[in-house]
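There are 2 protein chains.
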Amino acid sequence: MKKHDQDFMKRQNRLTVFEIIKNQHPISRASIAKQTGMSPTTVSRIVGELTEQGYLLNSDQVSAGLGRKSTLLGMVNASVLSVGVDLDRSLMSIGIVDLQGKLVCGSKYPRIPDESPETTLIRISEAIEQLMQQQEIDRTRIVGIGVGLPGIVNNEEGIVVFSVQLGWKNVKLAERLKELNGFDIAVDNELKVRALAEHLKGAAFGSRRTALLGFGHGVGSAIILEGEIYRGVMNSAGEIGHTTVDPSGMMCDCGKAGCLQTYINISSLLSEANRIRPIGTIEELFEAKRAGEHWAIHLIDRALMYMAITINNVVCMYNPDSVILSGELVDKFPDIHDEVEKIYLSRFLWEPLRDSFTFHRSMLNERGVMIGSGLLSQNRFFALE
Amino acid sequence: MKKHDQDFMKRQNRLTVFEIIKNQHPISRASIAKQTGMSPTTVSRIVGELTEQGYLLNSDQVSAGLGRKSTLLGMVNASVLSVGVDLDRSLMSIGIVDLQGKLVCGSKYPRIPDESPETTLIRISEAIEQLMQQQEIDRTRIVGIGVGLPGIVNNEEGIVVFSVQLGWKNVKLAERLKELNGFDIAVDNELKVRALAEHLKGAAFGSRRTALLGFGHGVGSAIILEGEIYRGVMNSAGEIGHTTVDPSGMMCDCGKAGCLQTYINISSLLSEANRIRPIGTIEELFEAKRAGEHWAIHLIDRALMYMAITINNVVCMYNPDSVILSGELVDKFPDIHDEVEKIYLSRFLWEPLRDSFTFHRSMLNERGVMIGSGLLSQNRFFALE
Numbered sequence: 001m002k003k004h005d006q007d008f009m010k011r012q013n014r015l016t017v018f019e020i021i022k023n024q025h026p027i028s029r030a031s032i033a034k035q036t037g038m039s040p041t042t043v044s045r046i047v048g049e050l051t052e053q054g055y056l057l058n059s060d061q062v063s064a065g066l067g068r069k070s071t072l073l074g075m076v077n078a079s080v081l082s083v084g085v086d087l088d089r090s091l092m093s094i095g096i097v098d099l100q101g102k103l104v105c106g107s108k109y110p111r112i113p114d115e116s117p118e119t120t121l122i123r124i125s126e127a128i129e130q131l132m133q134q135q136e137i138d139r140t141r142i143v144g145i146g147v148g149l150p151g152i153v154n155n156e157e158g159i160v161v162f163s164v165q166l167g168w169k170n171v172k173l174a175e176r177l178k179e180l181n182g183f184d185i186a187v188d189n190e191l192k193v194r195a196l197a198e199h200l201k202g203a204a205f206g207s208r209r210t211a212l213l214g215f216g217h218g219v220g221s222a223i224i225l226e227g228e229i230y231r232g233v234m235n236s237a238g239e240i241g242h243t244t245v246d247p248s249g250m251m252c253d254c255g256k257a258g259c260l261q262t263y264i265n266i267s268s269l270l271s272e273a274n275r276i277r278p279i280g281t282i283e284e285l286f287e288a289k290r291a292g293e294h295w296a297i298h299l300i301d302r303a304l305m306y307m308a309i310t311i312n313n314v315v316c317m318y319n320p321d322s323v324i325l326s327g328e329l330v331d332k333f334p335d336i337h338d339e340v341e342k343i344y345l346s347r348f349l350w351e352p353l354r355d356s357f358t359f360h361r362s363m364l365n366e367r368g369v370m371i372g373s374g375l376l377s378q379n380r381f382f383a384l385e
Numbered sequence: 001m002k003k004h005d006q007d008f009m010k011r012q013n014r015l016t017v018f019e020i021i022k023n024q025h026p027i028s029r030a031s032i033a034k035q036t037g038m039s040p041t042t043v044s045r046i047v048g049e050l051t052e053q054g055y056l057l058n059s060d061q062v063s064a065g066l067g068r069k070s071t072l073l074g075m076v077n078a079s080v081l082s083v084g085v086d087l088d089r090s091l092m093s094i095g096i097v098d099l100q101g102k103l104v105c106g107s108k109y110p111r112i113p114d115e116s117p118e119t120t121l122i123r124i125s126e127a128i129e130q131l132m133q134q135q136e137i138d139r140t141r142i143v144g145i146g147v148g149l150p151g152i153v154n155n156e157e158g159i160v161v162f163s164v165q166l167g168w169k170n171v172k173l174a175e176r177l178k179e180l181n182g183f184d185i186a187v188d189n190e191l192k193v194r195a196l197a198e199h200l201k202g203a204a205f206g207s208r209r210t211a212l213l214g215f216g217h218g219v220g221s222a223i224i225l226e227g228e229i230y231r232g233v234m235n236s237a238g239e240i241g242h243t244t245v246d247p248s249g250m251m252c253d254c255g256k257a258g259c260l261q262t263y264i265n266i267s268s269l270l271s272e273a274n275r276i277r278p279i280g281t282i283e284e285l286f287e288a289k290r291a292g293e294h295w296a297i298h299l300i301d302r303a304l305m306y307m308a309i310t311i312n313n314v315v316c317m318y319n320p321d322s323v324i325l326s327g328e329l330v331d332k333f334p335d336i337h338d339e340v341e342k343i344y345l346s347r348f349l350w351e352p353l354r355d356s357f358t359f360h361r362s363m364l365n366e367r368g369v370m371i372g373s374g375l376l377s378q379n380r381f382f383a384l385e
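Protein chains in written order, with this note's numbering: chain A, 1 to 385; chain B, 1 to 385.
Incorrect hints may appear among the rest.
Taking lysine-lysine pairs in the DSBU-like style, the calculated list, with each CA pair at most 35 Å apart, reads [stated by the list, open to error]:
| hint | chain 1 | residue 1 | chain 2 | residue 2 |
| --- | --- | --- | --- | --- |
| 1 | B | K34 | A | K69 |
| 2 | A | K22 | A | K10 |
| 3 | B | K69 | A | K10 |
| 4 | A | K256 | B | K289 |
| 5 | A | K10 | B | K256 |
| 6 | A | K102 | B | K172 |
| 7 | B | K108 | A | K10 |
| 8 | A | K289 | B | K332 |
| 9 | A | K34 | A | K108 |
| 10 | A | K256 | B | K34 |
| 11 | B | K256 | A | K332 |
| 12 | B | K10 | A | K22 |
| 13 | A | K169 | A | K256 |
| 14 | B | K289 | B | K342 |
| 15 | B | K289 | B | K34 |
| 16 | A | K69 | B | K10 |
| 17 | B | K172 | B | K108 |
| 18 | B | K342 | A | K10 |
| 19 | A | K342 | B | K256 |
| 20 | B | K10 | A | K34 |
| 21 | B | K108 | B | K201 |
| 22 | B | K22 | A | K34 |
| 23 | B | K10 | B | K201 |
| 24 | B | K69 | B | K22 |
| 25 | B | K34 | B | K102 |
| 26 | B | K169 | A | K22 |
| 27 | A | K169 | B | K342 |
| 28 | A | K34 | B | K69 |
| 29 | B | K22 | A | K201 |
| 30 | B | K172 | B | K289 |
| 31 | A | K10 | B | K10 |
In short, the hints are calculated from the structure, not lab data.
Keep in mind the model is a prediction, meaning the values are calculated, not measured.
With the hints as extra help, turn the sequences into a complete structure.
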């Protein structure tokens with residue numbers, strides 16, 4: 001067995017023990033050993049580590065029945081907290097998340113769009129300290145910080161490879177933020193952590209395979225399989241915005257023609273609208289549609305049609321049991337959910353998969369990325385990630 | 001811990017022990033316990049089961065070094081074999097596959113396209129008996145039979161839900177074939193087992209995330225993640241043939257317009273060709289192109305363009321490290337590989353993923369489904385599936 005595999009097995013064993021205690025406490029060491037097939041020595045070592053780190057305690061209860069009485073293990077209440085950061089172009093939301101994915105507290109901070117990484121990270125670090133002080137949270141209870149942001153993220157090394165929205169390239173976010181405040185840092189793409197949150201604690205609770213779609217300033221998707229983010233080899237799986245849906249279509253900012261996002265995202269819609277007359281915001285465009293302006297009806301209907309096509313294509317390729325709509329367009333115009341559903345049901349859904357999935361609105365909305373980032377940080381701590 | 005989870009853990013433990021012995025034999029029980037953290041009791045129970053079943057033996061070697069000498073465990077040579085069946089419309093290929101994925105022997109049998117499931121299964125069963133006799137293979141060494149076929153398969157229950165090519169609907173293949181010959185039966189979609197074979201023993205050996213594309217009578221894909229087939233909730237993941245690539249496109253036999261397969265698959269190409277002049281086979285169509293007939297150049301170039309688009313879309317959505325081209329079109333016209341590569345590199349690949357994957361021809365070709373089905377059967381036996 002290679003070193004790598006042995007480490008993997010150790011992490012798996014640790015996670016297994018923690019999950020059993022979390023779900024069955026109070027419980028005896030012997031019962032854990034019996035359930036898992038692990039040796040008493042292995043169980044004791046793991047329990048010892050977790051106790052030393054303050055997550056477990058020896059409860060007052062002892063095991064029932066015949067035989068030698070043994071002390072049962074319990075969880076330390078609220079022993080595990082993490083910080084979730086939703087880092088976007090002009091807004092940062094920072095919250096403290098518990099084991100159940102609940103926000104203990106949270107706050108919003110404006111961000112200047114062309115702020116340097118260094119300034120942003122210092123401000124995040126200060127905001128977290130302030131939050132812990134205000135809420136009187138012992139910093140030893142925080143197991144780490146998760147940061148979700150738009151762009152391509154190297155999640156293993158905690159590097160922001162490229163983010164158009166933040167204007168960042170190759171920023172060693174995890175390394176720098178850890179220098180600033182000492183916590184372990186997990187970084188990921190915002191849609192991936194949002195999907196994780198909806199899968200574990202939101203609209204797709206109970207789902208085994210969740211696909212989340214984001215329609216807003218970008219177009220993207222994220223997939224969760226049995227609690228785990230489906231990443232692909234470069235953490236880029238789900239980049240549906242750059243799938244080609246029309247080889248004779250419009251130019252995309254990526255340099256290709258006919259990318260899906262050219263039909264849906266906010267900047268494309270505004271740029272198309274401005275061929276007709278000056279339109280400054282997406283609200284103005286939808287207002288023009290409501291006023292019956294034909295060009296606006298055509299433009300928005302085309303976007304809705306491509307959203308419906310996207311549902312079919314995502315369902316055909318990932319075969320999820322739940323599909324969740326999210327993103328600024330859907331948050332601002334919630335009717336989109338029902339309209340898109342009508343379109344894909346009547347025209348675009350492949351018949352054999354008609355009953356294979358449920359279609360949801362996001363449930364966590366603007367809290368999704370914060371909660372997902374916090375959960376990601378906890379998962380990493382407990383060695384799932 | 002639920003019953004389900006305990007069973008899962010038992011299967012996982014058994015597989016872990018078997019994998020360690022397979023890769024490190026001769027090895028002692030103590031070393032297995034140390035590497036895995038399992039108790040000596042658990043290791044002994046699993047080793048006992050595997051020995052009783054004839055897969056392991058106590059080798060003549062004993063452990064080196066100080067301390068109590070212990071007998072080392074070895075593998076019984078060629079102890080594990082399985083049968084792989086490639087079941088297609090007019091041809092059945094049946095082979096015996098060893099632990100390394102090598103074909104010990106194999107044979108082909110014609111099939112009458114409208115043959116009933118019962119007739120086909122009886123013929124498969126007889127062919128397997130004959131093969132074992134001819135090769136003097138002890139039937140106790142066969143751990144099971146895998147069957148790969150085109151169509152939608154419920155792999156958990158071994159039911160062919162729907163296969164246009166075979167003309168079958170809701171056929172309880174696994175149940176009936178097991179009645180006929182007593183072996184454990186695994187059934188799956190042909191592209192999924194072909195991808196498994198190429199991932200484990202073929203063109204994508206060493207890959208962690210493999211995407212295989214099939215271009216032939218249908219258009220489909222299959223994804224393997226770290227040795228496991230990515231199935232989705234209905235075992236339908238990868239059905240790229242019915243993704244919509246042009247809402248104003250041609251009608252597909254599924255009842256939707258503009259499905260990807262209408263631009264690529266053999267029957268669509270022939271039906272389009274026959275708008276111009278009578279064309280009976282795909283070879284005639286490619287001959288017309290070589291002869292410089294403009295309509296044929298246009299038709300085939302369009303197909304190649306959509307194949308290139310498919311590469312980009314699959315790479316964006318699954319972010320694999322290897323992409324493999326397979327299927328009748330590629331087998332008959334191998335130049336397609338290089339032509340498609342040229343097109344996607346120059347026009348359709350999203351720049352950030354340019355270096356994220358390698359692009360391969362199928363290596364196992366017409367043996368792929370047989371080998372993959374055999375490996376699937378072994379995986380299931382060793383509790384991986």
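Here is how each hint holds up against the structure:
1. B:K34 - A:K69: 28 Å, holds
2. A:K22 - A:K10: 18 Å, holds
3. B:K69 - A:K10: 27 Å, holds
4. A:K256 - B:K289: Holds, because 28 Å separates the two Cα atoms, which is no more than 35 Å.
5. A:K10 - B:K256: 50 Å, violated
6. A:K102 - B:K172: Judged against 35 Å, a Cα distance of about 46 Å means the pair is violated.
7. B:K108 - A:K10: Answer violated: K108 of chain B to K10 of chain A is near 47 Å, above 35 Å.
8. A:K289 - B:K332: The given pair, whose Cα atoms are some 52 Å apart, is violated under the 35 Å limit.
9. A:K34 - A:K108: Violated. K34 of chain A to K108 of chain A sits at ~47 Å, over the 35 Å cutoff.
10. A:K256 - B:K34: 54 Å, violated
11. B:K256 - A:K332: 31 Å, holds
12. B:K10 - A:K22: 21 Å, holds
13. A:K169 - A:K256: With a Cα-Cα distance of about 21 Å, the restraint between K169 of chain A and K256 of chain A holds, given a limit of 35 Å.
14. B:K289 - B:K342: Satisfied, since the Cα-Cα distance of roughly 19 Å is no more than 35 Å.
15. B:K289 - B:K34: 65 Å, violated
16. A:K69 - B:K10: Holds: K69 of chain A and K10 of chain B sit about 27 Å apart, inside 35 Å.
17. B:K172 - B:K108: Roughly 23 Å separates the two Cα atoms, so the pair holds.
18. B:K342 - A:K10: Measuring from Cα to Cα gives roughly 46 Å; hence the hint is violated.
19. A:K342 - B:K256: 15 Å, holds
20. B:K10 - A:K34: Given pair K10 of chain B, K34 of chain A holds - Cα atoms ~11 Å apart, limit 35 Å.
21. B:K108 - B:K201: 22 Å, holds
22. B:K22 - A:K34: 26 Å, holds
23. B:K10 - B:K201: Distance of about 27 Å is within 35 Å: holds.
24. B:K69 - B:K22: At roughly 21 Å apart (the allowed maximum being 35 Å), K22 of chain B and K69 of chain B satisfy the hint.
25. B:K34 - B:K102: 32 Å, holds
26. B:K169 - A:K22: This hinted pair is violated, its Cα atoms lying about 45 Å apart.
27. A:K169 - B:K342: The given pair, whose Cα atoms are some 29 Å apart, holds under the 35 Å limit.
28. A:K34 - B:K69: 28 Å, holds
29. B:K22 - A:K201: Violated - the C-alpha atoms of K201 of chain A and K22 of chain B are around 41 Å apart, more than 35 Å.
30. B:K172 - B:K289: 44 Å, violated
31. A:K10 - B:K10: Judged against 35 Å, a Cα distance of about 17 Å means the pair holds.
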